[in-house]
Structures are given as structure tokens and as C-alpha cells.
Amino acid sequence: MFGSLFGRFNQGNVFPDSKITASAAIGIVVLIVVVLSLITITRRWKWLWNEWLTTTNHKKIGVMYIIVAIVMLLRGASDAAMVRLQQATSVGVHHGFMSASMFQQVVSAHGTIMIFFAAMGLMFGLINLVLPLQIGTRDVAFPFVNATSFWLFAAGALLINVSLGLGDFSGAGWLAYPPLSELKYSPTTGVDYWIWSLQIAGIGSLMSGINFITTIMKERARGMSLMKMPLFSWSVLGSMLLVAFAFPILTVTLTLLALDRTLGMHFFTAGGGGNAMMYVNLIWAWGHPEVYILVLPAFGIFSEVVSTFSSKRLFGYKSMVWAIMAITVLSYSVWLHHFFTMGASSNVNAVFGIATMLIAIPTGVKIFNWLFTMYRGRIRFASPMIWFMGFVFLFTMGGVAGVLLAVPAIDFQLHNSLFLVAHFHTMIVSGVLFGYFAGLTYWFPKVFGYRLNERLGKYAAYLWIVGFVLAFGPLYILGLMGATRRLDHYSAATGWHVMFIAAGIGGAVIACGIGVQIIQVIYSYLKRDSTRDITGDPWNARSLEWSTASPAPFYNFAALPVVSSRDAFWEMKHAKKRPEIPELEPLHLPKNTPAGLFIATFAFLFGFGMIWHLWWLALIGVLGIIMTVLIRVTSGEHEETISVKQLKEVEASLTNWRDYA
Amino acid sequence: MSEVETAVITKVTRQTEQHEADNKTLFGFWVYLMTDCVLFASLFATFAVLHSNTFGGPTAHSLFSLPYALAETLILLVSSFTCGLMILSAQNKAKRLVLIWLGITFILGAAFLTLEIREFSDFVSRGDSWRRSGFLSSYFTLVATHGLHITMGLLWILTMGYQVLKRGLTRITIRQLTLMSLFWHFLDLIWIFIFSVVYLISGGLNI
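These protein sequence lines are chains A and B, in that order. Here the first sequence is numbered in our numbering, starting from 539 and rising by one per residue. Here the second sequence is numbered in our numbering, starting from 16 and rising by one per residue.
No wet-lab data here; the hints were simulated from the structure. Cβ atoms here follow ideal geometry from the backbone N, Cα and C, with glycine treated the same way. Treat each hint with caution, since some may be false.
Pairs of lysine-lysine residues, derived as DSS-like cross-links and limited to a Cα-Cα distance of at most 27 Å, are as follows [what the hints assert, rightly or not]:
1. A/766 <-> B/39
2. B/39 <-> A/1129
3. A/1065 <-> A/598
4. A/1129 <-> B/110
Label-pair distances were calculated between CB atoms; the ranges are [as the list claims (entries may be wrong)]:
5. A/1177 <-> B/174: 37 to 43 Å
6. A/761 <-> B/52: 46 to 52 Å
7. A/1198 <-> B/49: 54 to 60 Å
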């Protein structure tokens, strides 16, 4: 009776037996203790609480998203480094430094963390930072929901890291296919950590999706019809529509797997009338759109970057919009290409193969439009452009490999091989990650008020591009030679060793790139006085976010802008007659609230309870969430008023392009 | 501009802002309902795939009682009707009527939930629980997810009763009542699909 209070903690093996995992866990705990004591020593708790933890301001939420995402990116990159090291050394009579089961956990953690917590975090961070500014509004449609989304994301990220110190992590791959992920074959806490950290973060993403769709549809500046909206905002609209339609499927899929594991249901079990292929269908019905959820905003960023740094209007605006929407729709019709070998008829495979190839058309349209934008433009090769050049080169190659894989007959040979791994890394790293890096560099001054160091930024981009080719070029070849994914050891007779060593060297070059980026951030911070942006428009850019001061004040625009054309800010700058500064009115902005933080804390407790079968804790979590929501909705006014006098005081301390024009 | 004029203009802009806020919340809620629709669609899909995977256990035909499910359906339909009457009263600012209709809706919703739980416990006591087969797993999950939504709806009705009692029919409470009734009608709609797909097609006609 009493024993059930402790759930799975009774079963022994709570702490990791691997020294690497244990030291990582201890490292994290030490880091947290150091950070907390630093905050206490410098007496920053009150500041942290008022300025950050309870904030509902989209820019601060964006910054917090990016901080969590970068921490998770470093975690995922360490996992990748371990995989590279293992595969470069674990050949023939030599066995690497990881056991087979630990290797599987590391591979699974790498994929899960990079997609859900690094890429999604950077994406939502950038959208939060930029979107409201770009469409000329003061915040998102539902600022409190936005804060809750972020905290749920952070709770999921924390939960996945707890698995380093308590229990283990899933070794069933980044998408945890059953029957391997069922209780019978994965009896420990690993898969449950995977399920609940993704579920909690995923609900946050779903809420963000609804929030940003509403923001774009209802909060645009006066005069900004949809076809006058900047392309980044369009790409966010496409991406968020995908979130709204795809993430509920993920919620269901994860729930069903959890029901199988905790209540003994038979959705995906090998016996009992379950159907494992249904899981694979469901997870990819979410998973394929997810790829486009990540890459569409990156396309949007490149559209802004290319047109700004070519000092030219974007070529083929309308076709770009249609391409985004075509990709949005098509991305739902191709999920089966992830498992051509399921055993569907060749006609079914042919339909999905052709649908997959069709996606190359709108994507090709976008690539050509960017190149035509550069043609005869006045190009400045700032570091966002270097990322773009790397992207065009690598993404096109990876895309061609993708069209190849879309042929079912070829896929039968190459599925589950390193060729596939190389293909999707090309798409995700050069498409998504390079895009986000370009975006971070581009919008950094708008958030922090100074630019990042250009020279170091370029070095980092070159190291990433060269490192990427070195690390993943060999994987294409290894895939063609028959090497499958998730190999912790292979025979020397395969002749793969040289290629794996080359890939390892590529990984080291990428690591140098990451190192340079870290130095870049520190160096730029120290030298911030020399790169301060006093005009609000450091790149001579085109859209509304650059019309306000850098860093943007908490209310974004003292008076909301009125738009009459595309590239609204460009037109504003070059208009013969300067627009008059309209009379200011009092603003109504959302108040700070800790409710989002509380909801996420309870969600964390709920998740932890579900993982360790501490049912009382899970119940506390659920009741806590319900109580917090009830208190929030029944409490009174959630807005505060900024008077014209306060507004004028802040405005007087800012400078923007009007003062320098 | 005189001070009175400024005050009037400020008031008018504030009202426009509030109207836009209502509009925005309604739009956002519709988007949420669409995502919930996708959630149920996924569950319907799993039911469609697994409904004949009885694994030697009971089939849908032998398990379900159509009159029982019809009773549940009628109760929920009537509750949707009373919920509609509640919104009409809210628009007429009839606070007492709003509370009465809220109460009746709550009682009907609770009656529906009780019937559902009785049905579940009946199946479980006969040994036909969610552990029995893939079909029963998908049946319990689909119907219970709807039941969970109904539970949330009941909680929401209670909250709204408290809000209307405490604050009366303000702009904000009317907005919340509107959202709540949307939610309730949505659940009714989902139930119509459950009744048709689970009880009628799968249970009654024994396909």
C-alpha cells in the first residue's frame, strides 16, 4: 500500500550506471546551483521575477525561447559529437566508449532534442521577436497564452534533461516506433520521458500555433492586406497553420502510446489486436508537416535577408506566397514516403512518390526567386548572406537527394541507411538551422540594440558550411555502401572506417564553428558600444520592424503604423513627404502574470508523476493546472494603461531613423 | 479640443479596442475548436482502423445497446438546446434566466456523463475493459475523450454560474458565455459523429 506512493522508484536502478551520463547529470545540477547562487548573490531575484519570469511581452518571451533553445542545441550537439566519436572508433575488435544501449539512447536524445527543443525553440523565439513588430502591432493576440506556451516548452525541456540523472532515456529512436517502444520491449522510464516531455512541449506549440494564426489574421497594421504582408509573416502563417492541423495528431499519438504503456491498452502492441503500422502512419501524419513547420519560417527569413542585402524588392512576391501555400497544403499529402516499405501496394507508393516530387516545384520556385532577387542587386555579403549562400548550395543538393528517395524503388534500397540520414540532415541543418542563424544575426540589433561581430559571424558560417560537407558527404557515400543508421559498431571488413573518420573530422570542424559563435556573442557583447544601432535600421531594410528604435521599446510603436504598400518601411523612408508623427494616445498593455509559470510547473509535476507512476503527484499536477486556470479567468482586469505622459518620456529617450533621415 | 471631447474620443477608441478584443477571442477560439476537431478526427481514424480487431473479445454488435446510446444522444441534444436558450437570455440581459438555463444545461450534461460512466463500468465489470482488445482500447479512448471534454464543459458551466452571480452580465461574462456555448455545441456535434460511427454503423449494422 505504502509502496505505491513511490511508484517506479521502488524498482531500483534509479540512478544512471554510465559514468558519462552520471557526470552530465552532476554537471547540470552544478550549473543550476551556480546560476541560482549567482542570482541570489547579486540580488537579482526580484528583477528576474518582474522583468522575465512573469512577463507577457513577446520580445522577452522570444529571448527566453532562444536561450532555452541554444542550451538544448548545445546538449543535442554534444550528443552528436558522441555519436561521431563512437562511429569513428568502434570498428572491428575495437569497441567504442559507449555501450550499445547507451548509444541508442544518445542517438534518440539527439534527434528528439534537436527537433523539439532546439529547432522548435529557435523558431518560436524568432517568431515571437519579430512577427508582432513586422506586422505593426504591440503584442501577440493572447499574450498570457503566449507566456504559458513558452513555459510549457521550458518544462518539457527540463523534463527531458531530468532523464540524465533519474532513470534512463528512450533508446527507441527519435520517433519511438512500436512495438519496440511498448512496455514489453522498453520496460524502463526511457520512453515515458520521451512521451511526456514531448507532450508538454507539444501542447505549448499547439497553443502558440493558434495564437500566431489569430495574431496574423486579426492584428495587422491598418492597410496591411494579406498581399502586402512581408514574406516572413506569410511563412509564419503557413507554418502555424501546419502547427494547428498537425500537432493535435501528435497529441493523440503520444497519448495512445502512453495509454498502451500505462493502462495496458492495445493500440500499437504486437498482440491483443493492436496495429503498430497505425502508429507509424499517425506519427508521420504529424512528422512530415513538422519538417515544413520548421523550414517555412527559415524560407521567410531568407526572403527578408536576400531582399535587404541585395537592396532590391523581392523578385516574384506573389509566386513566393503561392509557393508557401502550396507547400503548406502538399506537405499533408506525402507522409507515406517515410515508410514505402510498409507493404502498401505499388500504386499507393506511386501516388505518394509523385506527390513528394511535386513539392520540389514550389521549393524550386522559391530558390529561383531568391537568385533572381540577387541578380543585378547591390549585394552586401554580410554574414546572413553567407548563411544564405551555404543554404542555397547545400539545400539544393539535399533536395535532389530527396527527389531521388521519393522514387519508391530506390527508397527500398536506401531507407534506414545513412544516405537517408545525410539527406534529412542536409535539409534540416542547411535549411532550418542556417536560416535561423541568419535570422538571429539579422534581427539581433532590433532586440539588443547592437550588432553581432561580422568577422566572427562569417568565420562561423564558413566553418559550419565546410564542416557540414565534410561530416555529411561521407554519410551519403556510406549509405550507398550499405551502412544503416544507428550503428554502434561495425566490422572492419566493410571498409567504412575511413569514411566514418572523415565524418568525425567534419563534426570537429562544426564544433569549431559553434565555438566561434560562442566567442562571437561574448565578443560582441564586450564591444557593444562600437556597434550600437542608433537609427533602428542598421541594414537599410524594408519592413516595419525597422521603423521603430533598436532595441524596440516594450510597446513596439508609440503610434501604430499605417501601411499602403509592400515593403512598407522602405516606402516610408523614400517617400517625398515625411509622414507626420501622429498624436499619441494612452496604450493598454497586458499586465505581468506568474500564471503561465505556475501552469508549466504543475505540468512538469504531472509529467514527472506519469513517468514514475507517482499517481498522487500527477493528480496534484492536474488539479494545480485547473486551479490556476480558474483563478486566472475569474480574476479581474488583465491590462494596464500607459499614459501619454509616460509614453512621451520613453519616446524622448529613443532615437530612430526619423532623427537621422 | 476640449477635455470633454478628448474624453469622448478616448472612450470611443477604447470601445473599438474592446470590440476588436471580443472579435479576436472569438476567432482564436474557433481556431482552437478546429484543432480539437483534428484531435477527434485522429481518434475516429484509430477507431476505424481497430474496430474489427476484437482479438476474440466482444464485437461492437454484441456490446452496444442502441436504445441506451440513443437516450444519451437525446439528453445531450436537449442540453445543447437549453444552452442556446441561455445565450438568448444573455443577449436579453436576463440574468435569472441565464442562471436557470445554465443550471438545466449542467444537470443534463451531468446526466449524460453519469450514463456514460455507467456504461463504461458495466463493460468493465463484464471483463470487457480497454485491456481486452484493440477495438475496446479505441472505443474507450474515443468515447472517454469526449467524456473528458464534457467534464471540462461542466466545470466551465459552474465557473460561468459563479461569474454571472458575482459580476452579472458584463461584456466579459457574455463573451465567456458565448465561448462556452460554442464549446458545448461543438461537443454535441462530436457526439453525433460518435453516435453514428461507433454505435450506429459499427454497433448496429455490424459491418
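Comparing the hints with the structure gives:
no.	hint	verdict
1	A/766 <-> B/39	21 Å, holds
2	B/39 <-> A/1129	18 Å, holds
3	A/1065 <-> A/598	23 Å, holds
4	A/1129 <-> B/110	30 Å, violated
5	A/1177 <-> B/174: 37 to 43 Å	21 Å, violated
6	A/761 <-> B/52: 46 to 52 Å	33 Å, violated
7	A/1198 <-> B/49: 54 to 60 Å	46 Å, violated
In terms of the numbered hints stated before, the structure departs from hints 4, 5, 6 and 7, listed from lowest to highest.
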